[in-house]
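Participant: Letter by letter, the chains look like this.
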Amino acid sequence: MRVGVVTFPGTLDDVDAQRAVKYADGEAVPLWHGDHDLKGVDAVIVPGGFSYGDYLRCGAIARFAPVMQEVIEAANKGMPVLGICNGFQILAEAHLLPGALTRNHKLHFVCRDQWLKVENTNTAWTTRYDLGAEILVPLKSGEGGYQADEDTLKELEDEQRVVFRYVGENPNGSRNNIAGITNARGNVVGLMPHPEHAIDALTGPTDDGLGMFLSLLDTVVNA
Amino acid sequence: MARVVVDVMPKPEILDPQGQAVANALPRLGFEGITAVRQGKHFELEVADDVDDATLAKIAETFLANPVIEDWTVRRVEA
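Going line by line, the protein sequences match chains A and W. Heads up, the first sequence is in our numbering, so the first residue is 184 and it goes up one at a time. Heads up, the second sequence is in our numbering, so the first residue is -16 and it goes up one at a time.
For the record, the hints were derived by calculation from the structure and aren't laboratory data.
Straight-line C-alpha distance at most 30 Å; calculated DSS-like pairs for lysine-lysine:
(1) W/K41 x W/K24
(2) A/K300 x A/K289
(3) A/K260 x A/K205
(4) W/K(-6) x W/K24
(5) A/K337 x A/K323
(6) W/K(-6) x A/K337
(7) A/K337 x A/K289
(8) W/K24 x A/K323
(9) A/K337 x W/K41
(10) A/K205 x A/K300
(11) A/K289 x W/K24
(12) W/K41 x W/K(-6)
(13) A/K323 x A/K300
(14) W/K41 x A/K260
(15) A/K323 x W/K(-6)
(16) A/K300 x A/K337
(17) A/K337 x A/K260
(18) A/K300 x A/K260
(19) W/K(-6) x A/K289
(20) A/K205 x A/K323
(21) A/K222 x A/K260
Put together the whole structure using the sequences plus the hints.
Facilitator: This is the structure we're talking about:
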């Protein structure tokens, strides 16, 4: 399994995403924002950080990077793509996922270990979880409030496309406590919390996040 | 050359915590009678004469604003 991990100027979590891929017995392939091809990878992770300094809006400039044109095309053909934190913001700006991420409702940057409920185990990235399982992974973001219009929210709920929901107090004002969503096809997933920071008990609060990368392994092997 | 102003504002139904924080600060600073504040972005573009309105609209819609959460206006002004 070869998994591309995109690095933009200002990306922070590419190394941890690569490490998570290796923990799932995959080969991590670094992709640079200026690249015009995906080097034959089976899947792509768009990791967290502050691409292009978050200038204009989070993800607004990264969306137009050369490598993202390749990611968008591949995602529309069914390649598994995961956006974490800033990566989620980028996928939303790129219209691979509906809605937008906005400033946290209390304006504070939130950095804490966050419980999530897994509500869709059919995506390319979540088959290893039990439906309804609660997992603990880090959340660290200032613009994580998920917003979408009522029709979009209804569509997401009706089609079980909310993949992760915040448990307990809503950390950022996200509509419907949404922490992560998927596209209609289930190959593209975006979430604000960081599964790649929770892959072993030595460096994370849990290893609950590893399931996402093992799920991808199953998806790629069974493809 | 012309100057073009693009104003981008959060949609009315979108929570604007920054605007609310500004509104909440005003009474503390002794300014009374301000009932609400919405915070947005103001862009000033220096534009060559051969750039048409359709191009400017596309710049605003696809890049300067995110139509999911923001409204925008484009207008030419005296430089």
